[in-house]
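These protein sequence lines map, in sequence, to chains A and B.
Residue numbering for the first sequence is 1 to 210, as defined by my numbering.
Residue numbering for the second sequence is 1 to 211, as defined by my numbering.
There may be inaccurate statements among the hints.
[What the hints assert, rightly or not] Straight-line Cα separation of at most 30 Å, DSS-like style, residue types lysine-lysine; simulated pairs:
1. K106/B - K57/A
2. K53/B - K89/B
3. K7/B - K7/A
4. K176/B - K159/A
5. K144/A - K176/B
6. K86/B - K34/B
7. K98/A - K86/B
8. K7/B - K8/A
9. K34/B - K98/A
10. K31/A - K89/B
11. K70/A - K89/B
12. K106/B - K125/A
13. K31/A - K34/B
14. K7/B - K70/A
15. K98/A - K63/A
16. K57/A - K31/A
17. K144/A - K105/A
18. K179/B - K159/A
19. K98/A - K89/B
20. K86/B - K31/A
21. K53/B - K34/B
22. K106/B - K144/A
23. K179/B - K98/A
24. K176/B - K106/B
25. K144/A - K89/B
26. K125/A - K176/B
27. K175/A - K144/A
28. K7/B - K53/B
[To be verified] Facing chain B, according to a computed beta carbon distance under 8 Å, are these residues of chain A, among others:
29. Q9
30. A134
31. P142
Just so you know, these hints were derived from the structure itself, not from any lab.
Just so it is clear, CB atoms sit at the ideal spot from N, CA and C, and this is done for glycine as well.
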Amino acid sequence: MNFRITKKQLFIVAVCLFMVFGAQYYFSMRKLTVNYSNIAHVSVYRVDSRGIDKNSKPVSTIKSSGQTIKLRSGSYVVRFEADTNYQDRDVAVNLNQKHQTITYKPYFSSDKLASLLPSELPSIKQLISTQIPASSQYEVQPGKLYHLGEWYGTTLVYKGQDFFNADTLRLVAHKENNSWIIKTNPPNISLSRLVFTDIPSDILRSVNEQ
Amino acid sequence: MESTRLKALFLGILGLLAMVVIFGFIGSLSHNSKSETIVEVAPSTAQVTIDGKSVQPGTIYLGAGNHTVVASLDNFASDEQHITTKSGKPSNIVIMLSPANDAGRKYLADNPTYQMQREGIAGRDIPIAETPLLKLLPTTSSEIPGPYAIDYGASSSRPNGTVIIITDSSPSGRAKALKWLRGQGFEPTNLEIQFNDFVNPLALTYTGGGE
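Extracted from the complex, chain A is given alone in its bound form (with noise of 0.2 Å):
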């Protein structure tokens, strides 16, 4: 039997096996939209087991809020440069969905934070001194805005002569309606994230590390 193969009957093999392959890569795929406000730059990490540092290159770039790529299932790190003023963050994802939405609002940078606290101070130690009269026996210490400047949290150090519950207490506040309300009830020594529910849990762990 002679078996021929025309030039036209190997394209087309070549085709298919393209084909094969290329589902294969595209349903391998992933898709991520990145949500955003006041950010400069947007840059995708992968991380690989050498996790991911200066020198590394991004995998992918966004150019606009809203913007969806396309990527390998596997772990990310999408870094975000902000404004002036505002945050920068490193946010980890692990792409095994087949689309996945990130979100990123930037809070305000230390420094901005910082500048902010000063005009703020005095009506939250009044605040402080006239809903828990004891805490006179605490030096109130300065303590750091958070977020957009509406959180505010703190340490008391005690000043007085009980040497068995002389601990340093924490304390959360929260600007609303443009009044700072006190919420911790009561300060504490430590402030759980399961107990204060309603307090974001990153401003919660610093205060806990003031």
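Fit chain B to the known structure of chain A by using the hints.
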């Protein structure tokens, strides 16, 4: 001669194509009868085995039944979890390794990406009973000044919740107990902590205005 070579090439390509299609078909059939399982481990450099076989974290397909997952990494406490999977039902395995010594803690400090992975996991509502912390308790320190004891019990405010109890402590002991928890890789913010020996001077005089 050329015809023979072309014929071999054609048959080779055809065979490859057939294999891709057949394996793809078998693969899709076998995946349908298995459980799509997402394995998430922090730090992601940990070695993971399922039923003794090494796997990469990510999406894998497990047969229905009981499986043992072990994650290990130098200078970190290994963790073992048991999972029961069902055909066609997705599962998740989440493991957060804790540093076992100063070298492990330095590893996290030097690699913020891995610490970020751990915090991502710790930030979720994983019941504390499923974390490695309880395996380390109770623990005591008789160091002077600042002795403390740490144990755990049922939370009075959260149904099925667990509370970490710090006792036998002075103010410096309570501070050291919190430092010990952090040193083991457990952020106190993620725990409900009860300080048994502490009488909060401000609890008695608080006049309201908060939650």
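Consistency of the hints with the structure:
1. K106/B - K57/A: Holds. K106/B to K57/A sits at ~25 Å (cutoff 30 Å).
2. K53/B - K89/B: Answer holds: K53/B to K89/B is near 22 Å, not above 30 Å.
3. K7/B - K7/A: Given that 30 Å is the threshold and the Cα spacing comes to 11 Å, the pair holds.
4. K176/B - K159/A: Since the Cα atoms of K176/B and K159/A sit roughly 20 Å apart, the hinted pair holds (cutoff 30 Å).
5. K144/A - K176/B: 24 Å, holds
6. K86/B - K34/B: Answer holds: K86/B to K34/B is near 7 Å, not above 30 Å.
7. K98/A - K86/B: Roughly 22 Å separates the two Cα atoms, so the pair holds.
8. K7/B - K8/A: 13 Å, holds
9. K34/B - K98/A: The given pair, whose Cα atoms are some 19 Å apart, holds under the 30 Å limit.
10. K31/A - K89/B: This hinted pair holds, its Cα atoms lying about 23 Å apart.
11. K70/A - K89/B: 26 Å, holds
12. K106/B - K125/A: Given pair K106/B, K125/A is violated - Cα atoms ~39 Å apart, limit 30 Å.
13. K31/A - K34/B: 24 Å, holds
14. K7/B - K70/A: Violated, at roughly 39 Å.
15. K98/A - K63/A: With a Cα-Cα distance of about 21 Å, the restraint between K98/A and K63/A holds, given a limit of 30 Å.
16. K57/A - K31/A: This hinted pair holds, its Cα atoms lying about 20 Å apart.
17. K144/A - K105/A: 20 Å, holds
18. K179/B - K159/A: 22 Å, holds
19. K98/A - K89/B: Roughly 17 Å separates the two Cα atoms, so the pair holds.
20. K86/B - K31/A: 28 Å, holds
21. K53/B - K34/B: With Cα atoms ~17 Å apart, K53/B and K34/B stay inside 30 Å; holds.
22. K106/B - K144/A: Measuring from Cα to Cα gives roughly 28 Å; hence the hint holds.
23. K179/B - K98/A: This hinted pair is violated, its Cα atoms lying about 41 Å apart.
24. K176/B - K106/B: 20 Å, holds
25. K144/A - K89/B: Status violated; Cα separation ~47 Å.
26. K125/A - K176/B: Holds - the C-alpha atoms of K176/B and K125/A are around 29 Å apart, at most 30 Å.
27. K175/A - K144/A: 13 Å, holds
28. K7/B - K53/B: 42 Å, violated
29. Q9: 7 Å, holds
30. A134: 4 Å, holds
31. P142: P142/A check fails; min Cβ-Cβ to chain B is 19 Å, beyond 8 Å.
When held up to the earlier numbered hints, the structure conflicts with 12, 14, 23, 25, 28 and 31 and fits the remainder.
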